[in-house]
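**Student:** The lines below spell out each chain.
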Amino acid sequence: MIRPDYLLFDRTSQAIINNFPKKAVQRMLDFDHVAGRELPSVACIVYPSSVGLEKFFFGSAEILIPVVKTIAEATDQFPDADVFIDFASYRSAYYSAREALENEHIRTVVIIAEGIAERRTRELIKLAHDRDKWLIGPSTVGGVSAGAFRIGDSGGAMECMIASQLHRPGHVGLVTKSGGLSSECYNLIANHTDGIFEGIAIGGDLYPGSSFADHLSRMNRNPEIKMLVCLGEVGGSGEYEIIEAIKDGRITKPVVAWVTGSCASLFTTEVQFGHAGAKSGVESESSQAKNAAMKAAGVIVPHSFDDFGDRIKEVFDELKAEGNIPDVVDIAPHELPEEFAKMTKAGKVRRASSIVCTISDDRGEEATYNKIPISQFVSESKGIGSVIGHLWFKKELPAEISGFIEKVLVLTADHGPAVSGAHNAIVTARAGKDLISSLVSGLLTIGPRFGGALDEAAQYFADALDRGISPEVFIKEMKDKGIPIPGIGHRIKSTKNPDTRVTLVKEYAAKHFKKTPTLNYALQVEQLTTAKKSNLILNVDGVIAACFVDILRYSGVFTPAEANEYIEIGILNGLFALGRSIGLIGHILDQKRLKQGLYRHAWDDIAYI
Amino acid sequence: MAHKKIREYDAKRILANYLKEKSSEFQFEPHLLHVDADTALSGKEKQSPWVTQTKLVAKPDQLIKRRGKHGLLGINLDWAAAKAWIAERTDKTVTLDEVTDTLNTFLVEPFVPHEQENEHYIAITTSKKGDEILFCHEGGVDVGDVDAKAKRLFVPIETQTTPDEVVKKLLSDISATDKALLAQFICELYTFFVDTNCAFLEINPLVFVDGKVFPLDLAIQLDDTGVGESGKYWGEIEFPSPFGRTLSAEEKHVEELDSKTGASLKLTVLNQNGRVWTMVAGGGASVIYADTVVDLGAGPELANYGEYSGNPNEEFTYEYARTILDLMTRHQDARGKVLLIGGGIANFTDVAKTFKGIIKTLKEFQVKIREHDIRIFVRRGGPNYQEGLANMKKLGAEINIPIEVYGPETHMTYIVRAALKGEHR
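Chains as they are written, first to last, in this note's numbering: chain B, 1 to 609; chain V, 1001 to 1425.
To be clear, the hints were calculated from the coordinates, so they are not data collected in a lab.
There may be inaccurate statements among the hints.
Unchecked claim - Derived pair list, reagent style DSS-like, types lysine-lysine, alpha-carbon separation capped at 30 angstroms:
| hint | chain 1 | residue 1 | chain 2 | residue 2 |
| --- | --- | --- | --- | --- |
| 1 | B | LYS126 | V | LYS1022 |
| 2 | V | LYS1179 | B | LYS23 |
| 3 | V | LYS1004 | V | LYS1046 |
| 4 | V | LYS1260 | V | LYS1212 |
| 5 | V | LYS1360 | B | LYS23 |
| 6 | B | LYS481 | B | LYS533 |
| 7 | V | LYS1393 | V | LYS1368 |
| 8 | B | LYS295 | V | LYS1421 |
| 9 | V | LYS1232 | V | LYS1044 |
| 10 | B | LYS126 | V | LYS1168 |
| 11 | B | LYS348 | V | LYS1394 |
| 12 | V | LYS1128 | B | LYS126 |
| 13 | V | LYS1065 | V | LYS1149 |
| 14 | V | LYS1004 | V | LYS1129 |
| 15 | V | LYS1363 | B | LYS345 |
| 16 | B | LYS345 | V | LYS1168 |
| 17 | B | LYS382 | B | LYS371 |
| 18 | V | LYS1179 | V | LYS1129 |
| 19 | B | LYS348 | V | LYS1360 |
| 20 | B | LYS476 | B | LYS493 |
| 21 | B | LYS295 | V | LYS1168 |
Predicted, not measured: the structure shown is a model, and the values here were computed from it.
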């Protein structure tokens, strides 16, 4: 696509974006939509670390923009994209900009980064000059070609852009140094004329890639641009180049210009203003000197920024009255669909959510457990029992309960390699599977026969107690059903050889719990069963289950409804799975450490029938 | 992000180390003693024995121009005299060319006896298309109008100069015996200039005796954006503020904040008793607000120049606003004060977000704001400006403080006129 030499951007211009400024790309595409462009202004993105296709909105539709690895690849695929917008950091922008300037397809390079060494910028300027290319920036936001093309973030919020008539071309050419003030000037010009045709911010560095004079003379050649506006600032000599351009006839259209920084006279020492190039100290570079020199050269210079707009209006009105400015075709901007997130924030839309969560939140500054920042658990030395309280029960549990939970985790953490869970985990680990697969394999064995006794014991004891049946009746009922009572019986331990773990839990309950009816009931059951056989003791599962029912029902922390719900949901299995995971992981690590090979069950241990 | 002047001590240190690293013929020992408020002079002769082995020069090292003319050069002193010379001047407030500041940093170096005819002048400057080497065979305090007198050699960007070219363009007035060596030194000096990302260099006088080079007075400005490439040559370096611009604690605080964020925060206090305070977003807009205050005749009342930009987060705008409000509410003025919270139409700075920090500050200072009869004027546009402005309006009613709020429909500097003329009081 051949464009006139004075036109850097039009409605078919496409850019290659370097680096991945997602928001800026979306803003460019939003502008395209509002201005009614058919072709997205972004052809592709150069970003080696996420090569592929990236989804963006184009109006309300979604489009895919290719992300490629190198600049050469980008121009191979999109040889017509002649604008290169470099969002790379100041550390690497020199190299990418250099490569882009050396690429035959690219005509205009924009560098956004601030902080590129001046010597490097000057090298780029020379390269651009030698190759007859345009370099805009560094240290700029870019610019806007009204109704045609937006560079990155230029122009600000879309409503401001529309208010400044940037969705359709006017007849004023604007060049500013400051990117921040460019939007202000678009607005100012829209309020006093029919709007800009094109606006460029050359950037705040001492050596901008292209100068005021470069752009103003270019715009001077554009028949659509009828007058020029320029906003300069103290420091640098770019404004004197404008005067030269006027003198040698490169600029012939009326220029309204203002150089800011007259306040520098207030400072007794040199001042470095916001932009690198804005430094006072040299008399000829003061705003007063530059404004006076431009005025002398025929530039229309206002009294101050206050009447800048008035002078612009006068010139415009005069040109208009002389019939030099055609009426602008007022095109309504295409409406941009609202961002869902923004509308939600404003309370203007609602949508039923697919997932509901009441226990934690990761959206704020810090993730929370049950509305409490995680750091608070650490700073207040809350243990894992307290965390379980908040995430499982949504309550701050009293110390005796969280302490009990922690004891349960300790007691259930492991039970040797022979139990089915550990065995499965070991077999899986030895088959070369990873830690998580091995752990899950072990956990999957937890059920009615392994570990599940906890939940069942709790349910049976609670139910028997609720029905008010005596332990004798309960034992008979179970016998009639042919179900061994969960939580009763041990392979080795007996009345004569009591299980220390059980003793400890009983002591804890006696010391800390207000009431222990379930435990008492279970102990009555144990008395009857041990009378029959000495190893039919209340085992560790049974004692934990009974105590837990007592906690749920009689600690005063839970409502009766909650208590029954938790017994029903099977919260105790949760405790077992959590505690036992510790042991399972231990076994898996152990096997891996020992470099144990594939497990194969011995033939002689299998009855082949 | 700009040209930064450095102390003569650092300039000489960097040059000496550079020449040493490059095994230059023109190496000189960096016999330099930096003296500031923290330096105990007694005992220094143990660390730097050369101070007792040679005659010395003592001079303030605070970016002061024409020290010789101001009588601030102690020449041909022994160590005891040098110490006395420094002690006599330490913490003295002096006014030089209408700028007043306190002397607190000095440089001691060996005295180099030489003839006037051995004093030359050399400078290197930058421009868009290249660098220029200026040379005068007559240097020294009375060098005069260098621009008119100096011979010039332009070195286009990305090129080097050669001794032949230097001889031809710069050294026609130098004796034939010295030409070759001096040309070689100038070429090396230019390479130094490029490699260390200098933006300006001046040696006056440059003393050249018996094939040896002594940069008696060396001034350098570094392009601080070159730190990535040249930091290894610079070593640990400070960029002192110009003579007459000692940073106040508040200005230092803002400078520190600025260094901690990718955004930009700047503060210069012009007149702490001034009645017009500004808190303006944007490097460009902030200058225009200050201009307008001056233009409307309130220059002497302008208390500060400053800006915040680049989308600083709430914490930083809060800290920044606090610093200004704190300064602003120290001195009572019966006529009341104004605070201009101005700005243009932002490109990507979230107005509502940056205003949050400012609003927090205003809430915190509400009692003082009322006590000091401070009127607040706000003008801003850009992303989320409606929310930001609405929050400001709400705040005014909530804390009972007059806050006038304007958006992009109002001319950017209108609030300056409104505040100063009291049109809307």
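**Student:** Could you tell me which of the hints above the structure violates, numbers in ascending order?
**Tutor:** Hint check: 2, 3, 4, 16 and 21 fail, others pass.
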